[in-house]
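Colleague: Protein chains in written order, with the working numbering: chain A, 1 to 331; chain B, 1001 to 1318.
There's no promise every hint is true.
[Said to hold, decoys possible] A few chain B residues that don't get close to chain A, going by computed Cβ distances all over 12 angstroms:
#, residue
1, W1017
2, V1025
3, D1031
4, E1038
5, N1039
6, G1133
7, Q1134
8, F1297
[What the hints assert, rightly or not] Pairwise CB distance ranges (calculated):
#, chain 1, residue 1, chain 2, residue 2, range
9, A, L125, B, L1011, 43 to 49 angstroms
10, B, V1176, A, L246, 43 to 49 angstroms
11, B, L1035, A, G155, 28 to 34 angstroms
12, A, L125, B, P1289, 52 to 58 angstroms
13, B, L1011, A, L246, 50 to 56 angstroms
14, B, S1091, A, S316, 44 to 50 angstroms
By construction, these hints were calculated from the structure, which means they are not laboratory data.
The beta-carbon is built from N, C-alpha and C at its ideal position, and this holds for glycine as well.
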Amino acid sequence: MRRFMRRVATMTHGSMMDSIRKWVPFLVLLVLVLFFSAVNPHFLSLRNFARIAVSSSPALMVAVGATFVILMGSIDLSMEGTVAVCAVVFAMLLNRLGGSLAHVGWVAIPGALLAGGVLGAVNGLIHVRLRIPSFMASLSMGFVGVGLSLLMTGGNRILIDDPLFRSLLTVRVLNFPLMAYAALGGLVVAWFIQDNTTIGRNFYAVGGGEELARASGLNVGRVRVIGFVLAGIFFALGAILAVARLGIAETETGQGFMFLSITSVVVGGTGLAGGSGGVWNTLVGVLIVNVIGNGMVVVGLPDYLQDGVLGLLVISAVYLSMDRRSLSFAR
Amino acid sequence: MTDRVAWTERLRRHFPWITLTTLVVLVGMTDINFLRPENLLNLAADIVPLLIMAIGMTLVIYIGSIDLSSQSIANMATVLTTIALPSAGGSAGLLVIVAGLAFGAVSGVVTTRLKVPSFISTLAVGGIALSVGQFASGQQALHMDAEQRRHAFGWMVGRTAGIPHELIVALLLVVVAWFIQGRMTAGRTFKAIGAGEPVAVASGIRVERYKILAFALSGMFAAIAGLVFSVKLSGGSPTLAEGFLLPAIVAVLVGGTPLTGGVGGVVNTVIGTMIVAVIRSSMLYLNIPAMGQQIFFGLVLIVAIATTIDRSKMRIVK
């Protein structure tokens, strides 16, 4: 239905610009890949692409979680805490239950997802029931999460050496590690939720215009809480992949996810105002951010310049990919 | 009924400082030493850089945007101050302030002209400031020459009649910001923009200019925060002000300036910063173990925000 509406809108406006605009983030990604390849041909190799896939996989899951919340026009900044808690819960459960996914240890996976869902639910309930803006509610919950993970680990690192679990990184199919396929699987699930379930369509309804959604009988509070729960579960998936990448679970596992994932979502073309974009945009956004990060290293940019160059490129990417006709001002 | 609503409305405006007083009394009850004037003055002096940064942040949040570049600009300022001190002396401060203004203005231009959301534009400009800081410092910690520091910024350290000078600097800046906000056209325009940007545009205000001004001022205050901090610690490094950003935002919001803008202001932020400071130092007095401090901070924040923010003007809580 939403697709159909969008198509109708495109036809009535009748401009080709709209259909091009939709592909701008992807074109930006393409241009970046071509640029880095031109500067250093080593960039354009399967080995390097696999490296980008490894760094993108956990980031993608976290950013997809954030996407649901941003689609509703809210924001979730709790990811650093939630990822840390889920990573630690996962590692502790796995090690307590024999240390191998092959035996009872697999319980660690649903365990971590449950932890993420519960944290997301608390987050959403605080936001909705106490009527605290999601920015503050989730930021505070992020602090709580970081503290909780510190309390659980006592500040220590938890090592994981289960070969089956580590195969997410070590075993490669068609040159790409298994975790890349796992992340793609997660993305497809998110896509299904977004496009083919009632709750997915409700996210757009709430983000597109909350008053209208409420007037048409939607329980907006419930939709919001479910959005945060879903985000928490995807943060947990990101946490598991992040642990798989390094083989270590600690409080720092969550570090750096907050700003990068929100940046990725916006760079992909999902508006912070809510109601536009989606998880495929987020895939492109995550790839843009990670290609820039990897490309700067490959072309040998001094590391002290990298933050600045990333900033400039992000501004350009967002500038190019936003549909500014519908936007009279930016906040 | 309407009387009661109006009454709670009037009371709600006072919630931030009631929260602050309650917190101070609560902590004072567990340990009377906390209430000693000397202790309270030290507490206030410790948060001066954070307060200055939060004051700048207030202006941007007041217009309904956000500034995530403050911490990086403060970092850059500590480096630039330390580097410029030997050659420029006291005017190093001026240089740093101009740099802060310029970076803030760039954020403003990117947000208004390119219509990039401030969440992203300020984050990106912060990245550029970080790069400048790292480049200028050679990615290491720098130290000030004690004699030069005393000569150029000696007036900033020390005490008069028991009051730390940096506190006086902070109070002066608060007065400046308060004057801008309350007594100048710019301040009233900020309020108009925060309360409803489309209306402000429709009434013929040059909204873009004023938004750029708000960002520039925020950058300037962040740079001054860095300047004060580097004089205080007698040095600079591209990571010196790490961990200031979120507390600064929290201070603004706890004080009662919501992210939607138009309500609250500089005085609220002064109270908000003190609430954050009291919560933090209360953990020492309440013997909260180091491991649990983050949780405690997060939970108290939720309570503080739930009680302070004025939701009567928010039809939708996003």
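Colleague: A separate judgement is required for each hint: does it hold in the structure or not?
Modeller: Checked hints:
1. The beta carbon of W1017/B is kept farther than 12 angstroms from every beta carbon of chain A, the shortest such distance being approximately 19 angstroms.
2. Every CB of chain A lies more than 12 angstroms from the CB of V1025/B, the least distance being 23 angstroms, so the non-interface label holds.
3. In this structure D1031/B is separated from chain A by more than 12 angstroms, as the shortest Cβ-Cβ distance comes to about 23 angstroms.
4. E1038/B, annotated as away from the interface, keeps every beta carbon of chain A farther than 12 angstroms; the closest lies near 30 angstroms.
5. The Cβ of N1039/B lies farther than 12 angstroms from every Cβ of chain A, with a closest approach of about 25 angstroms, so its non-interface assignment holds.
6. With a least beta-carbon separation of about 9 angstroms from chain A, G1133/B fails to lie farther than 12 angstroms from that chain, contradicting its non-interface assignment.
7. The claim that Q1134/B is not at the interface with chain A is violated, since a C-beta of that chain comes within 12 angstroms of its own (minimum 4 angstroms).
8. With a closest Cβ-Cβ approach of about 5 angstroms to chain A, F1297/B is found to fall inside the 12 angstroms limit, against its non-interface label.
9. At roughly 26 angstroms, the beta-carbon separation of L125/A and L1011/B lies outside the given 43 to 49 angstroms, and the hint is violated.
10. Between V1176/B and L246/A the Cβ separation comes to about 48 angstroms, which falls inside the hinted range of 43 to 49 angstroms.
11. For L1035/B paired with G155/A, a C-beta distance near 33 angstroms keeps the hint of 28 to 34 angstroms intact.
12. The given range of 52 to 58 angstroms is broken by L125/A and P1289/B, whose C-beta atoms sit roughly 27 angstroms from each other.
13. At roughly 51 angstroms, the beta-carbon separation of L1011/B and L246/A lies within the given 50 to 56 angstroms, and the hint holds.
14. In this structure the hint that S1091/B and S316/A lie 44 to 50 angstroms apart at CB is violated, the actual value being about 35 angstroms.
When the structure is compared with the earlier hints, violations turn up for hints 6, 7, 8, 9, 12, 14 and for no others.
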